[in-house]
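Novice: Letter by letter, the chains look like this.
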Amino acid sequence: MKFVASMRAELFRLTRSRAGRFGLVVPALLGAAQVLGGDLMARLHAARSAAQGFSGQGGGAAAAIETAFGPLADGVGGLGAMALTMIALLTGAFAIARERDLGGLSLLTLSRPRGAVVVGKTVATCAYVMTAFVGLFAASYLAAAVGHDFSDVVEDNYVMASAGELWIETLSAVSAGMPALLCCACFGGLVSALSASVGAAAVAAVVPFTLLALFQSTLGRVADKLFVTYAPFFSPRAPLARLSEVSRAFSNTHWESGELLRAAVVPTIEGVAFVLLAWLVTQRRDA
Amino acid sequence: MEAALELDQASKRWRGGAALDRVDLAVPRGAIVGLVGPSGAGKTTAIRVGLGLLAPDSGEARVFGDPAARVARHSGRVGLILDGPALEGGLTVADNLRLHALRHGRALPDPGPLLEPLELAALTHRRAARLSQGEAYRVALARALLLEPDLLVLDEPVAHLDPALARTALDLVRAAAVKRQAAVLVSSHQLAELDRVATHLVLLHRGRVLLAGDLKTLLGGIAPAVRIAARPIEAARAALARHANVARLDLLRVDGVELLRAELRRRGGDDPAAMVNAALHQAGVAVSLLAPERPTIEELFRRAITRASGGEAEVSADHGNAAEGAA
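As they're listed, the protein sequences go chains A and B. So the first sequence is numbered by my numbering: it starts at 1 and just counts up by one. So the second sequence is numbered by my numbering: it starts at 1 and just counts up by one.
Any given hint could turn out to be false.
Residues from chain A shown here face chain B by an in silico Cβ test under 8 Å; the list is partial [what the hints assert, rightly or not]:
1. Ala5
2. Ser6
3. Thr15
4. Arg18
5. Phe22
6. Gly38
7. Ala42
8. Ser106
One side of the interface only, derived from the structure: several residues of chain B facing chain A at Cβ under 8 Å [unchecked claim]:
9. Leu99
10. Ala175
11. Ala308
Since the hints were derived computationally from the structure, they do not count as laboratory data. C-beta: ideal position from N, C-alpha, C; glycine also.
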């Protein structure tokens, strides 16, 4: 396991620097802010509706009571997830390119075989992204729990979805959505191995990714085969983004057949391919 | 003894021409090899090829007997400064050292014995981004020495240090070579500093080895010379120009003072200074300074490069003197 030392060193580097810690905290803060902000807006809206009801009709309709699953999904799949996608992409893109910029690549090459360095850095970046996601999930959970209960979704005394079912939906979406986030880190890693500098790596990772994310709906069936489609970044088809509807048990929303499986498998295959390509490139390039 | 680092007829070409041309280089255990040459001579390329960071177009490079491309097999046995200090700006000095140990899968040894003499003990909790260039290079040297490597490769390690710290830094390097029999390769333009510590010398020029070998032997090949301040200087010049033992005579101007520099032919066990003194005394010249010159790497460097450039080039190796006239 020659990559373990590289992985440990990279994790140390990511978690000891201010920028690295910032990257861990920002998605969680954004997720919590989105949940609390959304909740606040909903309460203001309800209060205004109630006030209008008092003045106009002499009585108001009771505000709809939402379970915590909807806000949790908003936090997990909203701004925090978008930020985390970008963080995964850039952390991957900086992994090797910044060593090249700093002059540290020669030091790394003396410590472990190049393949082990690439794998170690990629695994560490993925672990970092997963840690940030756990923080995002925890912060969203706590924020959602502030004003809501994780209870059944009930409409007209009819249980649309039980809490157990919604937990399963939520965890399924998280499991299916995670590979796309990790694949972003792997894609960044490949770009990093190809790039001569940090700036070039950042541009080469972010620009094509953002363009593909923005225009993935125009790609037709090709989009099904791109990891970008499943990343929570301007993509309505990302499981983490779709969870917001599913967890509210809207009658017309449900996972399509094979949707979650595809969302998990496509980025996994592409992520492994990106790591292999980065490994090959690093073998051939001079350090 | 097996060399820790070896280049065997290694060549490397860039688009502009040959960066290395059939270079042989060996760094034995316990030796401090000074790698010198003008800018663009191929020193850094030689180091890169030697450590497997660049593949040679032909020839071989070996580290501890293994092909250099497999240098990672010897993780932790090579200490390196190349391409600048290469510190993580976002990490503290202590964390940079810890990161280095982690990369090699080692526990962090006590860095105190390195940090104290390099005057870094007070900076351990400072982020590397806030260090001056000299401080950063000292941390890089501490990092290179941290895991007690068997091979130290240092590219311009003291270029950004003040004279006192440069001396301390090279003393640490010499201690590694003497006490632990580490092999050391130091590439530097600080020839006076190298003079103090190097045991061997390799001089590169336009990708070729101009001069290589044991430093004492190389310096022994330089004819003895003395510097003379005398009055009247013209009479001294005339007396020495006629002398059979004077091979070359130069008039130097140092800080506005005219000096003669006499290069002497070897004659058995004669004391060159005594011989010159006697000749000037006979000519009735008053001598106020008579200083035998210690042969230096700088002199070796100047002579070799001048010879390689067809005798036309004057090498800018910090002479500070203008030479005029010759016997």
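Novice: All the hints need checking, so say for each whether the structure fits it.
Specialist: Comparing the hints with the structure gives:
1. Ala5: holds, 4 Å
2. Ser6: For Ser6/A, the interface hint holds, since the closest Cβ of chain B sits about 7 Å away, which is under 8 Å.
3. Thr15: Not OK, violated: Thr15/A not within 8 Å of chain B, min 10 Å.
4. Arg18: holds, 6 Å
5. Phe22: violated, 10 Å
6. Gly38: Because about 34 Å separates Gly38/A from the closest Cβ in chain B, which is outside the 8 Å limit, the hint is violated.
7. Ala42: violated, 40 Å
8. Ser106: holds, 5 Å
9. Leu99: holds, 6 Å
10. Ala175: At about 22 Å, which exceeds the 8 Å cut-off, the nearest Cβ of chain A leaves the hint on Ala175/B violated.
11. Ala308: violated, 28 Å
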